[in-house]
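Now for the letters of each chain:
There are 2 protein chains.
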Amino acid sequence: MSSFIDIPADSDFPLENIPFGVISTKDNAALRPATAIGDHVVDLKAIADAGLFAGPLLKAVAVSVFSQTSLNAFMRLGRPSWREARSTLQSLLSKGTASRLRDDAAFRAAAIVHKSTVINHMPAQIGDYTDFYSSKEHAFNVGVMFRGKDNALQPNWVHLPVGYHGRASSVVVSGTPIRRPNGLIQDFATKAIHYSTCKKFDYELETAFFVGTGNNLGERIDIADTEEHIFGMVLMNDWSARDIQAFEYVPLGPFLGKNFGTTISPWIVTMDALEPFRVAQPVQDPVPASYLASGPKDAYNLQLQCDLKPHGHDTSYTISKTNLKYMYWSMKQQLAHHSVNGCNMNAGDLLGSGTISGPDDTSLGSLLEASVNGKKEVVLSADGAVKRTFIEDGDSLKITGKCEAEVDGKKIRIGFGACEGTVVPAAQL
Amino acid sequence: MSSFIDIPADSDFPLENIPFGVISTKDNAALRPATAIGDHVVDLKAIADAGLFAGPLLKAVAVSVFSQTSLNAFMRLGRPSWREARSTLQSLLSKGTASRLRDDAAFRAAAIVHKSTVINHMPAQIGDYTDFYSSKEHAFNVGVMFRGKDNALQPNWVHLPVGYHGRASSVVVSGTPIRRPNGLIQDFATKAIHYSTCKKFDYELETAFFVGTGNNLGERIDIADTEEHIFGMVLMNDWSARDIQAFEYVPLGPFLGKNFGTTISPWIVTMDALEPFRVAQPVQDPVPASYLASGPKDAYNLQLQCDLKPHGHDTSYTISKTNLKYMYWSMKQQLAHHSVNGCNMNAGDLLGSGTISGPDDTSLGSLLEASVNGKKEVVLSADGAVKRTFIEDGDSLKITGKCEAEVDGKKIRIGFGACEGTVVPAAQL
Ligand SMILES: [Ca+2]
Ligand SMILES: [Ca+2]
Ligand SMILES: [Mg+2]
Ligand SMILES: [Mg+2]
Ligand code: NI
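Chain order of the listed sequences is A and B.
In terms of the UniProt record's numbering, the first sequence opens at residue 1 and continues consecutively.
In terms of the UniProt record's numbering, the second sequence opens at residue 1 and continues consecutively.
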């Protein structure tokens, strides 16, 4: 496949991707659905209004769903419609296929804009946000720190994908500044409790998926059907205040240590675009209960990276390189588990992976792990001058991700764009 | 105050109440805002369309906010507007004040309908739902069961109102059947883990409040301002699967043990209606941090009751009589705490009290406590024939609540209507 749009070789958004997002532009403040192609962005409202979603599923509904300010209505249509939209756009953007988009210069200039004029918005209205804890390496590393090596994993961990409800309102799109939180913190040595600014500001490198179609309350999504319900994936930074979290979280879980902000990348990459990158997930021992039964290739070879740009610097330093394929529990298992009790899932629900840590020191997905809860400085610059235990005000973090594989002799690269945020100083106490 | 509508002496909805909800009627399926008065319901869309919200704040916006299918738009207007709506309705419904509602029989018949023709719906679209754990008696009782008397309360408990994020999608209105959930359960004796139907199905007697106006991400709601942000209260049953919860909840908190369903009463009683029933909250020792500083009367003398109607029976048995005034942490403190880290609250957010247990055996807000986690049968009928450790299929639970006080020599009673649900058998495993 090649496009009449010039696509840089290292682009996250080749014709094989076709992610979905919501944009406005400098000259049009209206929020509308869009896709990304190379360094350009295609306005899906313009495509729909021109009648170019002409396939059997979308023909009658495209104008309506692509006139919304979020993708929720499109998500509710179901996977056959998502597939039709993607293949229609691939065809419209192809070099070799005649289309109004390719051949009508005035229409093309209105419907396709350069990314420099685009403002990304939240792609969906999130009804509920859940975060899992599905990396065995991460759960083990954290467990060792707080309970020692022998009790690192709780007894439930290998039997089900542990997760908790997060705060939907504070999930924000890449680029939104994140304010350092205040809260109650216990001094480790004296045990004194202070109302204070967070001193252990951390990130968590995660991915997340959006539910496309849901289930009714009291029903469940069978694991065999889960792939029809998952719309696509984004990168996620689950910013975490470790000192606030440490004092508050027993016995009901993380709350203010997490809900001050969670950043996602703006473009939702569909599961169809990620299909060539499926790999076997780690062997699960013990074998999970029947409702969590896996398929042969339920993991994804998605390379992930987090870069930190220190305040006052122009250089970024890579602080983690990890991979989604390490995850013990799959997205299918997370969704089947979430609904096994009849919990109703809806279009736009966001389900986070949990921090993705790999097997070694360079693949840890949080500074909590890399600095051993602040005990060890993480050296960033080669000269040793720039180092961190936790994140400082003015630091920027950027998570990126890409899948690479050879498909039919051609090297394919699918990326996610950036999940980026800069930490701003706390409000007055 | 007296109304031209005949109001039974024991009604939850005298002219002093004026709660807000969302209804449809047998002859009009459109969802619209309403208030309750005695055994009748007033259609607020009809009142707005007739131009009767003529006060300075609502005049221009009443048609718009009362044409919505939820109260969220009305909530966003702020407390002065909520007050104006309530006093306008009190005046329109007064016996002694001329109004089109009182004097135009045809209009009255269209705008005021008997409750028997009304279907109640969710009053607001809940963005995020949080449940607290603010009854010291409940936290202590549960703590003793799981950690013994000396470690019953966690160290954080007296310093902050412990809470966690719940699932917004499965909050349902009174009358919705609740399906018994399935999930992974660990056998206490053998430690074996089974995919099974819940065997310890419980309720939690709670109240909850709706946020009216919120705050921006990164800002906080000062405790001195919290009363302007709280729209009103409902009764809540936080159905709980104790066996699923017990296995899953470490270390990230309750998840599938809770998120299969939460029932609320349909009418939101405003804080203005509850003002005469304010009382001092329990003494807090240690004194909380400055951002949690209390006023002199931040508790409410709200009498609460839960009745169980066993399957196959026509009689209900009271299983709990408790009072909101026992709560250690106030709603003001819960809201100030929730936002102290900059977490953004929105109109329609629901914040639960946590199980409300009182000081003795008759005031326990859950069967977990009353049956000591299933070890002791709770006798319901005088002859001892009807008893429960947990809730059985077909059982109905009904939570009710009322405030009573003498105001200017007149006995005032403000009620909440019912928060009711019947348990239906689990789905096939
Ligand atoms: Ca996380
Ligand atoms: Ca509860
Ligand atoms: Mg977060
Ligand atoms: Mg519940
Ligand atoms: Ni261009």
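Fair warning: there could be bad hints in the mix.
Same chains, same label: a pair holds when it works inside one copy or across any pair of copies.
Using 27 Å as the maximum straight-line C-alpha spacing, the simulated DSSO-like pairs for lysine-lysine come out as follows [what the hints assert, rightly or not]:
{"no.": "1", "residue 1": "LYS115", "residue 2": "LYS199"}
{"no.": "2", "residue 1": "LYS136", "residue 2": "LYS191"}
{"no.": "3", "residue 1": "LYS149", "residue 2": "LYS115"}
{"no.": "4", "residue 1": "LYS149", "residue 2": "LYS191"}
{"no.": "5", "residue 1": "LYS115", "residue 2": "LYS309"}
{"no.": "6", "residue 1": "LYS375", "residue 2": "LYS115"}
{"no.": "7", "residue 1": "LYS59", "residue 2": "LYS376"}
{"no.": "8", "residue 1": "LYS115", "residue 2": "LYS402"}
{"no.": "9", "residue 1": "LYS59", "residue 2": "LYS411"}
{"no.": "10", "residue 1": "LYS115", "residue 2": "LYS387"}
{"no.": "11", "residue 1": "LYS149", "residue 2": "LYS410"}
{"no.": "12", "residue 1": "LYS136", "residue 2": "LYS297"}
{"no.": "13", "residue 1": "LYS309", "residue 2": "LYS375"}
{"no.": "14", "residue 1": "LYS26", "residue 2": "LYS297"}
{"no.": "15", "residue 1": "LYS297", "residue 2": "LYS411"}
{"no.": "16", "residue 1": "LYS411", "residue 2": "LYS387"}
{"no.": "17", "residue 1": "LYS191", "residue 2": "LYS411"}
Don't read these hints as lab results, they were simulated from the structure.
Right, here's what the structure says about each hint:
With identical chains, the CA atoms of LYS115 and LYS199 are never at most 27 Å apart, being 37 Å at best within one copy and 55 Å at best between copies. For the identical chains of this complex, LYS136 and LYS191 are inter-copy neighbours only, at 22 Å across copies versus 31 Å inside a copy, given an alpha-carbon limit of 27 Å. Taking identical chains as interchangeable, the C-alpha atoms of LYS149 and LYS115 are never at most 27 Å apart, the minima being 48 Å within one chain and 62 Å between chains. Taking CA atoms no more than 27 Å apart as the test, LYS149 paired with LYS191 passes in both settings, with 25 Å inside one copy and 22 Å between copies.
With identical chains, the CA atoms of LYS115 and LYS309 are at most 27 Å apart within one copy only, with a shortest distance of 22 Å there and 62 Å across copies. Proximity of LYS375 to LYS115 under the C-alpha cut-off of 27 Å is found in neither arrangement, the shortest distances being 42 Å within a copy and 64 Å between copies. In the homo-oligomer, the alpha carbons of LYS59 and LYS376 never lie at most 27 Å apart, since the shortest distance is 58 Å inside one protomer and 63 Å across protomers. In this homomeric assembly, LYS115 and LYS402 come within 27 Å of each other (Cα to Cα) only inside a single copy, at 19 Å, whereas the closest approach across copies is 58 Å.
In this homomeric assembly, LYS59 and LYS411 never come within 27 Å of each other (Cα to Cα): the closest approach is 33 Å inside a single copy and 64 Å across copies. In the homo-oligomer, the alpha carbons of LYS115 and LYS387 never lie at most 27 Å apart, since the shortest distance is 34 Å inside one protomer and 67 Å across protomers. In the homo-oligomer, the alpha carbons of LYS149 and LYS410 never lie at most 27 Å apart, since the shortest distance is 45 Å inside one protomer and 67 Å across protomers. Proximity of LYS136 and LYS297 under a CA criterion of 27 Å is satisfied intra-copy only: 18 Å inside one chain copy versus 49 Å between copies.
When the C-alpha separation of LYS309 and LYS375 is checked against a cutoff of 27 Å, the pair qualifies only within one copy, where the shortest distance is 22 Å, while the shortest distance between copies is 58 Å. In this assembly of identical chains, LYS26 and LYS297 lie within 27 Å of each other by CA distance neither inside one copy nor across copies; the values are 43 Å within and 52 Å between. In this homomeric assembly, LYS297 and LYS411 come within 27 Å of each other (Cα to Cα) only inside a single copy, at 20 Å, whereas the closest approach across copies is 69 Å. Neither within a single protomer nor between protomers do LYS411 and LYS387 lie at most 27 Å apart by alpha-carbon distance, with minima of 37 Å and 68 Å respectively.
For the homomeric pair LYS191 and LYS411, neither the shortest alpha-carbon distance inside one copy (56 Å) nor that between copies (50 Å) is at most 27 Å.
The structure is inconsistent with the numbered hints 1, 3, 6, 7, 9, 10, 11, 14, 16, 17, although it conforms to all the rest.
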